[in-house]
Each structure stands twice: as C-alpha cells, then as structure tokens.
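**Student:** Single-letter residue listing:
There are 2 protein chains.
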Amino acid sequence: MKNKVLKELILQKGSFVSGQRLSINLKVSRTAVWKYINILREEGYKIDSVSNKGYRLVEGPDPIMVDEIKDMLKTEFVGHKIIFMQEVNSTNDYAKQIALNEGEGTIVIAEKQTGGKGRMGRRWVSPPGTGIWMTLVLKPELHPSKVYQITQAIAVAVAEAIWETCRLKAGIKWPNDIIVNGKKICGILTEMSAEPDLVYYIVVGIGINVNTGSEDIPDEIRDKASSLKVELGRDVSRKELLVHVAEHIEEVYKRFVSGGFGAIVYDCNRLSVVLDREVEVIGINCTYRGKALKIREDGVLLVETDHGIEEILSGDVSVRGVEGYV
Amino acid sequence: MKNKVLKELILQKGSFVSGQRLSINLKVSRTAVWKYINILREEGYKIDSVSNKGYRLVEGPDPIMVDEIKDMLKTEFVGHKIIFMQEVNSTNDYAKQIALNEGEGTIVIAEKQTGGKGRMGRRWVSPPGTGIWMTLVLKPELHPSKVYQITQAIAVAVAEAIWETCRLKAGIKWPNDIIVNGKKICGILTEMSAEPDLVYYIVVGIGINVNTGSEDIPDEIRDKASSLKVELGRDVSRKELLVHVAEHIEEVYKRFVSGGFGAIVYDCNRLSVVLDREVEVIGINCTYRGKALKIREDGVLLVETDHGIEEILSGDVSVRGVEGYV
Numbered sequence: 163m164k165n166k167v168l169k170e171l172i173l174q175k176g177s178f179v180s181g182q183r184l185s186i187n188l189k190v191s192r193t194a195v196w197k198y199i200n201i202l203r204e205e206g207y208k209i210d211s212v213s214n215k216g217y218r219l220v221e222g223p224d225p226i227m228v229d230e231i232k233d234m235l236k237t238e239f240v241g242h243k244i245i246f247m248q249e250v251n252s253t254n255d256y257a258k259q260i261a262l263n264e265g266e267g268t269i270v271i272a273e274k275q276t277g278g279k280g281r282m283g284r285r286w287v288s289p290p291g292t293g294i295w296m297t298l299v300l301k302p303e304l305h306p307s308k309v310y311q312i313t314q315a316i317a318v319a320v321a322e323a324i325w326e327t328c329r330l331k332a333g334i335k336w337p338n339d340i341i342v343n344g345k346k347i348c349g350i351l352t353e354m355s356a357e358p359d360l361v362y363y364i365v366v367g368i369g370i371n372v373n374t375g376s377e378d379i380p381d382e383i384r385d386k387a388s389s390l391k392v393e394l395g396r397d398v399s400r401k402e403l404l405v406h407v408a409e410h411i412e413e414v415y416k417r418f419v420s421g422g423f424g425a426i427v428y429d430c431n432r433l434s435v436v437l438d439r440e441v442e443v444i445g446i447n448c449t450y451r452g453k454a455l456k457i458r459e460d461g462v463l464l465v466e467t468d469h470g471i472e473e474i475l476s477g478d479v480s481v482r483g484v485e486g487y488v
Numbered sequence: 163m164k165n166k167v168l169k170e171l172i173l174q175k176g177s178f179v180s181g182q183r184l185s186i187n188l189k190v191s192r193t194a195v196w197k198y199i200n201i202l203r204e205e206g207y208k209i210d211s212v213s214n215k216g217y218r219l220v221e222g223p224d225p226i227m228v229d230e231i232k233d234m235l236k237t238e239f240v241g242h243k244i245i246f247m248q249e250v251n252s253t254n255d256y257a258k259q260i261a262l263n264e265g266e267g268t269i270v271i272a273e274k275q276t277g278g279k280g281r282m283g284r285r286w287v288s289p290p291g292t293g294i295w296m297t298l299v300l301k302p303e304l305h306p307s308k309v310y311q312i313t314q315a316i317a318v319a320v321a322e323a324i325w326e327t328c329r330l331k332a333g334i335k336w337p338n339d340i341i342v343n344g345k346k347i348c349g350i351l352t353e354m355s356a357e358p359d360l361v362y363y364i365v366v367g368i369g370i371n372v373n374t375g376s377e378d379i380p381d382e383i384r385d386k387a388s389s390l391k392v393e394l395g396r397d398v399s400r401k402e403l404l405v406h407v408a409e410h411i412e413e414v415y416k417r418f419v420s421g422g423f424g425a426i427v428y429d430c431n432r433l434s435v436v437l438d439r440e441v442e443v444i445g446i447n448c449t450y451r452g453k454a455l456k457i458r459e460d461g462v463l464l465v466e467t468d469h470g471i472e473e474i475l476s477g478d479v480s481v482r483g484v485e486g487y488v
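Protein sequences, first through last, are from chains A and B.
Counted the way our numbering counts, the first sequence spans residues 163 to 488.
Counted the way our numbering counts, the second sequence spans residues 163 to 488.
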C-alpha cells in the first residue's frame, strides 16, 4: 500500500493531490493515507502537506518502484519476480537464503545495504537511494569450475545497459569490474552453492554507483571510484537503468546458456579495458606482471610476461594507465 | 545437563541410582533431575524409576554422547566442536546455515534425520539411533574445481575407520559410496559455498548404516544396501566408530592439504572396488561403459571404453559383479 501511495504521488508530477482523492483511489481511510505518507517521509521522501490542497511529492529520490519496473520490463524470466527491500544487510546474503526455492531470474534489490560485500569479503559501500544494489538468482546447468564465466557474461550485459541508458562508454576490467573514464562504477560478485559437480544456484550481486554525488564517494577511493552521475554531469534514472540491465542480462545469458562462453567471448574482448595494456594480476598464490593479450574462448585471460604467456583464471587486475595503476 | 544426567545413569551400568545422589553429584535440585529424566524418556531412553531406589537406565540406544566422545577423541581439530541434535531435517542443511561462523572441523550430528539427502537431492533414509548421520565443516584453500577430491579423501578415512572399528573390509565405489560385501553401507555428500575461485566452506555429510536391522532396510534397496550390524552379525559401537572416523579424517585430510590429491591417490586406488571391473558410469550428459582402469593423480577415474580411454570427473558408477550391477 505504501508503494501505491507513492505511485499516486509520482503520477501527479509535483502537483498536489488531496488526502480524500488518495483515500478514494486507494480504497483506504484518510488516516491510513496519512500513516503511509509518514512512512514514506521516514524513508527519505520529501512530501509537502498543505491544508485544503493535500500532499505533494517535492523530491523523490528516483525511487525504485517494483510495479512500474515490471510494467516496463520486456523479459521472459529475468526480473519476473522482484523482491524489493528498503534496507538489507547484503542482497547476496539475502538471495542465498531464498535461492533454492526461487525460480531462475528472481531479483533481490534494496535501497540500502548495511553490509554490502565485494570479492573475497571486501566491503562495498552502498548508500541509500543513489545506486542499484541488486542480486540475480541463476540456475544454469554448469559445472562449478565454469561459474567464473557467468561473472563475465553479466559484466557484458551491465556495460551494454549503461551505454543504452546514458551513452557512457563502459568497459570491463576483467573479470568483474565496470569502468567508466578509468574509474570503477560497478562491481560484480558471483557466489554459488554446489555439489562438486552440480551447481544448485548462483547468485550474482551487481552494485552500480548511479546517482552517488562526488562528495559521497569516500576520500580514499575517489581516484579509483566514481558514479554515472559524476561522469555524466546529471542524474540517471535508476528505474530505466535497472530495466536495461535486466533486459541485457537476459539476452547475454541466453546466448551463454545455448552457445557457451564462445558465444560471448567477442563481446568480452570488445568491451575489455585491460587488453594491450600493462597489467598486474594478483592471484591467490602469485602475482603476474605483463601485457594482457586477450580473453580466451573459455574466459581465461592471457598475459604475456617475461617468462612466457600466463593463463590467468582469476585474480585482481591492475592496469597501468596514464595515471598509473587503477 | 541432560547429557550429564544420562552419563551418570550409564556409569551405573544398569543399577539404580537415587534422585538424591544425582542431585548431589550434578549440583541441581531433585526436581531438575526429574525434569531431565523425563526429557531423556521423551528422546527414547527407557528409564525405570522405583520409590526408595531411584532411577535405572534399562535400555540406552547406544547413545551418541558428546562428552564421552570428546574424552575419547585424540584429534587436533576434527570434532573439537560437536553439535549434537536429537532430530534435524538434514545435518548438511543445518551445517550450511552455521558453517560460515564455525571453525574447521566442527561436526554436526543427529540421532535422526527427517530429510536426509544423497547426491543430486536423492533421499537418504536415516532412522533414529541406529546410524551415524553427521556432517563435517571444512575450510580448505582449494579451488572449487577441486572440491570433488575431498569426497574421495573422506571416503578413504571412513573405509579405514570401519576396518579399525570392526575389521570389516570396506571398499570405495568411486567417488562417494562405501561398500561392504558388495552392498552400500555409507554414502558421502559433499556440498560447498563459494565464489568462482574461492571456497568459503565445504560441508561433508557422512551417513553410515551401523546398527540398522535388516528388517529396517527398505525392501526396494535390500539387495544393494546393508549395515555393519547385518554384515558383521553383531552390534557395533557407534561412539567408537565415530571416534575412529574423526581420527582417520584428520589424518587423511592433513595429508591431502599438505600434499594434494597425489598424497592420497594410492589409498584411493587400494580401497577402490571398481578397478579392473566392468562399470557403467552415468554422467550428467552421457553414459559410459567399459573397464575401470585406475584413479588418476588428480582424482579422475579412467575408464577404457570401446572408443578409447575416457576421463570421468563425476557420475554414478555401477559395477558389474557376480550378481550383476550394484
């Protein structure tokens, strides 16, 4: 009901709507309307109320509205169930709790994560209302040793969705970061539950800094991280971006499922920001320096080092750019 | 406290002990003693109570007593924390809920599973009080693609523990069944939670039919499944077996962690019941028939088929024995 009240306010596009009108449209009492208005205010929406005029949405923080998003979505399964929460510890952790009983394509999304995570348990800052903090449930017939390919498939989809939404050229820092103008604006965290030879489910966390102001990016990462808003100079509709992300994921994922990694490797290479660059790859056991050559047909990154060509299956990649390693 | 009451009763070896004595020994009220006696009765222990004599344990179902087991265990980490439950849906599912916050070596064990599982979600029958239904939490530094090797390491340990406990020759039907006299008496189910290149934790479920009577083995699997009791003709102490399982797991696992699969492959081959036999391997995508040659240094089963030597990473194996496929 709260979301229905919000939807009514948004439909007024900044004009007043009376409590009585809301009460009639939504078939609840005026007291109930007033209650939901206050809940929305607590969640950060600025709503004026004036006697004899009613309520007016002054500033909605580009709210993620599930109903509206579902109306916009043209997908077969990605996003056909969306679980929206105002606040959650981590959308990945939440998704893992429910994934066994969810269908493929279910999306968990939250306005705020209090314990967002990156790879290897690193912290991911997810302030409320400015980003897309979401997790997608997938159930491919895939051997656990191939799950790393999913990360790259999703990265392709996110990069394409950013381009479609706001015409920013987004690249992929192999294997799981999305880069705009040399700065990270999105991270992807893939996790699985599996038997040794059978994946039960995969959850793919996608965190996109959309309308984060430059002042909200922590000092210590400001030279490495940014947001779409900062790079573009204007707000970006999170709803629109979310819809495009879901649609591109479905397209790329279907290609991957039917054709394997070979069916998306061209796009992985096309969108890569590490190829032909000097890179440093910090793996679990050792570190490689050299020139990134290409992403192979199985998703492995080939790096030419002084000692020959290394096949990198996973790791953190730093790229030596004009301003040093990023 | 309940287990302390039980321990006191067991120490009497079938003689009476007064409520007052229990109350003094355990430093609780006589009402509390009475309460715990009733809890034990609800859990299936037959306890007589006679005025002026006290309580007497008539029939304890070879109870798994954590305190006693801990006293017997000579391990560094396996079983140093044991979570015991009278009944649980599945020890693996329970272990997965707590594994992130548990140390390596924690064991979850239950007298009864209501939803025990085998590989690929198959049902595993776990009647109360007669078997060992346990799950071990492990956190090796291992790539997800190598987790299948853990199953084989645990199988070696269980086979050795059965031999040590009751001198039954137990063999391994690659990769995850323990066989005595051609029949399955134990299954192992390994599950993981992981990033594509980083295992968070592994849970290894071990289900051993110990004192299951032949009448309790379902008709439809009686030609394929058995218990130690049926094969040996007498009861086996579950406590003793559990202690040996834990100790052998620690020994084999330490060898595996320091030396890799190569350090245990000799035992995997030595204990295998499939080598030099005609086998049928049902994999996820296809079925192979041929002669099992050996388990390779990486845990892969080599099978000689009409079309050459196949490298089998996973699957269900049937062995053509004297009595047909098992």
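Among the clues, some could well be false.
One copy or two, either will do: identical chains are not told apart, so a pair holds if it fits within one copy or between any two.
No more than 27 Å apart at the CA atoms, straight line, and that leaves these computed lysine-lysine pairs for BS3-like [what the hints assert, rightly or not]:
no.: 1; residue 1: K416; residue 2: K189
no.: 2; residue 1: K164; residue 2: K274
no.: 3; residue 1: K416; residue 2: K453
no.: 4; residue 1: K169; residue 2: K236
Hints in this document: simulated from the structure, not taken from any laboratory.
**Student:** Against this structure, judge whether each hint is valid.
**Tutor:** We went through each hint and held it up to the structure:
1. K416 / K189: neither (41 Å within a copy, 66 Å between copies)
2. K164 / K274: Within one copy only: 18 Å inside a chain, 45 Å across chains, cut-off 27 Å.
3. K416 / K453: neither (32 Å within a copy, 38 Å between copies)
4. K169 / K236: Result: close within a single copy only, 20 Å intra versus 65 Å inter.
Hint compliance for this structure: hints 1, 3 are not met, and every other hint is.
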